[in-house]
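Novice: Sequence:
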Amino acid sequence: MEEGKRKREEYSDSEQRSRSRARRRRRLAAQAAALRSENGAVEVAAREAVGRCAAVDAENELLRAREAELAARLRSLIDLQQAQRMHEATPSSPPPPPRPSTSVDLNH
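According to the working numbering, the sequence shown holds residues 85 to 192 in order.
Hints listed in this document are in silico derivations from the structure and should not be mistaken for laboratory results.
Please note that the accuracy of each hint is not assured.
As the list claims (entries may be wrong) - Cβ-Cβ distance ranges computed for the label pairs, FRET-style:
no., residue 1, residue 2, range
1, R131, K91, 42 to 50 Å
2, S96, S121, 52 to 60 Å
3, Q168, A139, 39 to 47 Å
4, R131, A156, 34 to 42 Å
5, L164, R131, 32 to 40 Å
6, P182, L158, 41 to 49 Å
7, E93, Q115, 28 to 36 Å
8, S121, E153, 42 to 50 Å
9, L112, R92, 52 to 60 Å
10, P181, L158, 48 to 56 Å
Glycine included, each C-beta is placed from N, C-alpha and C at the ideal position.
Let's have the full structure, built from the sequences with the hints guiding it.
Specialist: Here it is, written out as structure tokens:
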């Protein structure tokens, strides 16, 4: 009888180990599926971020070009303003020479 009991226990232990391995495989398969799904979401987010970075880079390039245009225009306006001030400060015709003073002494 001991032999039968021992064989049943061995069979039971073997079945228990088998069920445990099956549970572990199912758990790992579910975990792998969840990780694949998460990886897919991360890939999508990364592609979107790369797209946004490219758009920002393009916009920055346009803004740098616009900044260069505006800086050149500002320099031109400053030069024009300085030339205008210099022109206003320069008399258009020389002042008339001073008149000699002629004093007439009527008492003589």
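Novice: Taking each numbered hint in turn, which are not upheld by the structure, reported in ascending numerical order?
Specialist: Structure breaks hints 1, 2, 5, 9 and 10.
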